[in-house]
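A.B. asks: Protein sequences appear in the order of chains A and B.
Residue numbers for the first sequence follow the working numbering, beginning at 1 and rising by one.
Residue numbers for the second sequence follow the working numbering, beginning at 1 and rising by one.
No lab work stands behind these hints, which were simulated from the structure alone.
Accuracy of the hints is not assured; some may be wrong.
Claimed, not checked - In silico lysine-lysine, DSSO-like type, Cα no more than 30 angstroms apart, as pairs:
no.: 1; chain 1: B; residue 1: Lys346; chain 2: A; residue 2: Lys19
no.: 2; chain 1: A; residue 1: Lys223; chain 2: B; residue 2: Lys134
no.: 3; chain 1: B; residue 1: Lys134; chain 2: B; residue 2: Lys171
no.: 4; chain 1: A; residue 1: Lys236; chain 2: B; residue 2: Lys80
no.: 5; chain 1: B; residue 1: Lys131; chain 2: A; residue 2: Lys263
no.: 6; chain 1: A; residue 1: Lys236; chain 2: B; residue 2: Lys357
no.: 7; chain 1: A; residue 1: Lys236; chain 2: B; residue 2: Lys362
no.: 8; chain 1: B; residue 1: Lys320; chain 2: A; residue 2: Lys19
no.: 9; chain 1: B; residue 1: Lys134; chain 2: A; residue 2: Lys263
no.: 10; chain 1: A; residue 1: Lys19; chain 2: B; residue 2: Lys285
no.: 11; chain 1: B; residue 1: Lys134; chain 2: A; residue 2: Lys115
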Amino acid sequence: MAIIIDDKTRVVVQGATGKQGSFHLKQMLAYGSNVVAGTSASKAGQSVEGVPVYDNVFAAAEAEQPNASIIFIPAQGAKAAAFEAIEAGIKTVVIITEHIPVHDAMEIMALAEIKGATIIGPNTFGIISPGKCKMGIMPNSIYLPGKTGIVARSGTLSYEIVYNLTAAGMGQSTVVGLGGDRVPGLSFIDLLQRFEADPETENVVLVGEIGGNAEEEAAEYIKTMRKPVVAFLAGKSAPPGKRMGHAGAIIERGKGTFESKVKALAAAGAKVASLPWEVPELLSGGSV
Amino acid sequence: MKLFEFMAKELFSQYGIPVPRGKVVKSPEEAAAASREIGAVVVKSQILSGGRGKAGGIKFADTPQEAADMAQSILGTDLKGFVVDTLLVEEKIKIDQELYLAITIDKANRSPILISSASGGMDIEELSEDKLVKRNIDVGIGLQPYLARELARKLGLTGGVAQQASEIMVKLYKLFREKDAELVEINPLVVSGDTVLAADGKINIDDEALYRVGDSVPHTEERTELEQKAAALGISYVQLDGDIAVMANGAGITMATLDILQYYGGRPANFMDAGGGAGVEPTAKALEILLASNPKAILVNIFGGITRCDDVAKAFAQVKQTRGIDVPMVIRLVGTNQEEGVRILKENGIDSYRTIKEAVEKVVEITGTKAVE
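Isolated chain A (complex conformation) (with noise of 0.2 angstroms):
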């Protein structure tokens, strides 16, 4: 067991022909992603490392039966592909794209309520079931195969919580990213709620940073799990006001700071790392 998906996920690369859509279609080929499709507008007919080509989701959707989209389109075309893959019933759509509008993005996440679609990012890394199937753009090397869940708001930052655990020899059962953008799919809530019901994942790191307060709305939810959660938060040092990067990273009129995940994290009984490498040390148990 993972979550959202495993070895049964077949996957269709939305831009596959692209600089970064073929680059990555061949990483997820690499890891052993069950990749049966890809699209795009004007080379349908070819194919990438193997992988047929088609006009658009529907095609592809009725050649190979796909379960799960990446989407690698610029984010001009981004909603329109997501639109496409929500259409044509595609149920897991992960969307690589970063820039797109926060109007575009309400739309899709409108579209996939009323369709049914799960919708991870936009401007996420992805999301990865080790060992069984990577949808994303994190490197290859760093996961293992195990009992511990990881959700994300930010890319790097877990694959450094990542290469940590996995160097202490504690693998991942899935590890997801909720994506920087304003207008996130799915929240770190659905997420652990996730976790805490798959019978393979025994504990929960949850990745987060200054600025909105998904991670004192996670506080309140955590304080129901069964399993421990062990939580890093990065901006301890940021100054208020000033904007790190993406839209996530903001603190506002003394709102979403560092101080104040801590202590909601803290209080619902999460063990907060001051340092990546405190996590796996917390994880097994003990105190830093």
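Starting from the known structure of chain A, arrange chain B on it as the hints suggest.
C.D. replies: For chain B alone, coordinates are given in the frame of chain A:
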């Protein structure tokens, strides 16, 4: 992108939302002239921040001379970190009631939310929940007039005032959607006799949508020159006050790198998120921006996912060969195409580390900052 009040009001006017008569001025003489035309006025500093009234940036004047004096006293002053160079001189309106009306993005519900109150005029954060009327709006359906009328009823409005307020809600929602706004706010929305009008306005436009609405909205700029230069390259760069320049890829890891550096006693000179998937040229330009800020040392933390370690290494080698790198550089490089990246760096005489802990310890040692522990 935040808009000035006068710009927000221009957009309100375009959408048929009534605003007080006013003139944008830049000198006491122009303020006096505006007052001669309008009568009793309020002189309002135009800065990209709220709380102007409390900071002394809003003053009343009954005569042209007073308007000139007030303008004189505000122009050139520093308000909340902004130097005032523009004023809005507006007719003084009789205020019978102040309402609050805003539409913004509700992240938790992933949809627009209309927030309103019959107790406007102050910061919305200070209002208790029971004084707020909130309603999420389905982007597929939009804010329909029947819903706006219901919201006006919930606010306790009646008759012509309710009618006008609900029409303003519908127009404001249209503006919010058509201009890709993150926030549209009218505070206060004033009931003056039998008319309702926007006495103040705030609009934030989504930066990511400027490609499609940029031509139809006015522009403002809050960033420093170096920050703008970085933004043009697709790099997020924020100046800080330390002496160790930092580059990483991804907002989260960049923040964590600053945190770790500070934990070990180092002082970051900046936040630089070189972005995911930056190729050789953008990475080289990013490094040049760091060098231009004259740091004592440079700390690079790259965890390659969409970013390829060999591209990063090539960029550093290129900068070293073409312009030279005259400060110590400490690099942590792991992830996609890592072996190739480490090899290229080595060929160019640049050492790299596998963990951020080692890299941070090294850069703190080089710069002679004393560690906390």
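A.B. asks: Each hint: holds or not?
C.D. replies: To see whether the hints hold, each was checked on the structure:
no.: 1; hint: B:Lys346 to A:Lys19; result: holds (28 angstroms)
no.: 2; hint: A:Lys223 to B:Lys134; result: holds (28 angstroms)
no.: 3; hint: B:Lys134 to B:Lys171; result: holds (17 angstroms)
no.: 4; hint: A:Lys236 to B:Lys80; result: holds (24 angstroms)
no.: 5; hint: B:Lys131 to A:Lys263; result: holds (29 angstroms)
no.: 6; hint: A:Lys236 to B:Lys357; result: holds (17 angstroms)
no.: 7; hint: A:Lys236 to B:Lys362; result: holds (21 angstroms)
no.: 8; hint: B:Lys320 to A:Lys19; result: holds (27 angstroms)
no.: 9; hint: B:Lys134 to A:Lys263; result: holds (28 angstroms)
no.: 10; hint: A:Lys19 to B:Lys285; result: holds (21 angstroms)
no.: 11; hint: B:Lys134 to A:Lys115; result: holds (26 angstroms)
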